[in-house]
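What follows is each chain in one-letter form.
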Amino acid sequence: MKDDELREFDALGLDREIAAPAHMQQRWHDSIELAAQNELRAQKAATRSFSPMSFFWGAAMTTALAIGIGIGVFLYADPESIDTNQYVVADRADAFGRVMQAHLRDTQDDIASMPIDMAEDRTLLVLQIIQQNRLFEQAAERNDADSLARVLRAFEPILMQLAAADITPEEAAALREQLAFELKVMLTKLERDTSKQVTST
Amino acid sequence: MHTRLKLLFVVFAMFATGSIAAQDGNSARDKQELQMIALEALIHVPEERALPAVMKLLETGGSDELMESAMFVLSQMDHPDAAAALVSYARTGSGEAQEEAIRMLGINGDAAAMAALSEIYASGDEDVREAVLEAYLIADDVDTVFAIAMAATDKEDYEKAVEMLAVMDAHEQLAQLREAKGSSEALIDAYIISDNHEELEKLARDGTDPDVQIEAIEALGIVDGPNAEAVLLEIYKGSVDNDVREAAIEGLFIGDHDQAILDLYRASTSSREKGELLEALVIMDSDLAMEVIDSALAGDQ
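Protein sequences appear in the order of chains A and B.
Just so you know, we're using the numbering used here here: the first sequence kicks off at 782 and counts up by one.
Just so you know, we're using the numbering used here here: the second sequence kicks off at 456 and counts up by one.
The hints are simulated quantities; they were obtained by calculation from the structure and are not laboratory data.
Treat the hints with caution; some may be incorrect.
Stated by the list, open to error - Which bits of chain A does chain B cover? Going by a derived footprint, with three or more residues having C-beta under 8 angstroms, they are:
{"no.": "1", "stretch": "892-902"}
{"no.": "2", "stretch": "929-939"}
{"no.": "3", "stretch": "961-975"}
Glycine residues also receive a C-beta, built at the ideal position from the N, C-alpha and C atoms.
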């Protein structure tokens, strides 16, 4: 995301509230911890088996998160370094649309450059994309962009599958293609809507 | 309008070119690429014109990728026929195509179409039911998932719905479920997922169902809330039940509270217990383990 787009995002007043969803970070940390501890525990002669959490797509997530220990989860510039007084958002909806377009473009680039054959690198990249995606999904909700929020939420199960270390390169390629197409359509739609607004004013 | 008509003409031409390319027999991939580009271009075309083109493509059939993409384009249309078509595919399709159509209904969010999901859930197999829950997640429809959990008579259906509520951070609904249906391992998993250490603490202190209590004690270590260490120590010291005490150690172990385990080691007067606590420290790869080992070798208590 470019500096001016970051300023727009900051000026929307969203980032400080949602850039660090502590409970989510904690939950991820817990999952990482659980996966790591389970490996250690396998060495222990346990008298009673312990069943780890098994939610919807839990296995894939836990595997992915185990590899993702210690990653920096947010890719955004330090909000402290942004002077919001230097930038005035003339139209919140316009600014929101532009920021979302920037996010979708960034995700497109990330997806396109994704190392399909290197599972660990792919997982790390996808985990970062998931974090970003959640941030923007919450931003969409707060801006009453329900349709966009639904699409961003729909990306997550696909991203979860893509983060799993045990999928084949062919499966990963297919998931990447699906995401790339859906991103492209959404970007086209957002650009179209922005263009309509500009034309009608 | 003139430009749009031209664009529509180009789109149809691209679909047709795709067919010709396929007839050449050497560029099925080219055909698909063209069709994908055409699908994307349809976003610029008025829906009443774009809809028949997408429907025709879906009826003609193609690769899974192409069909999924066509359904995604449908999901982005506000035209009621688009949602109706997705409902039709969600009802009559099979395998991945059906699951994808269900997902697209969640993305589309049309209220009437979403209503059809409950019937699809009721008549679908396990994969279909899972896809429907995912559609509700996408549409952020907590109430319906809660209703499914409340009405569930099958254990697995109940667990899947509870897990989905946890993913959706539906704390209030999970609390209502506990009141209505009692505690269960599924709820404990849900509390882990939704990071609800308060509810886990209640279950960890409640010995009504020993299995649930033990799972909850261990889960406290996984979630590792602000009071986890103190609560686990309290449970350990306050119980004479070996399983409960062992679960508390597991919780401290999972939460990486090596100092607490060391304190228990020092306070213990049982060689067997000391051995177990030392073993936990060693497996945790704690620096404190060497301290204990040195003391033990020196004959200190």
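#### Entry: Ascending list of hint numbers which this structure does not respect
1
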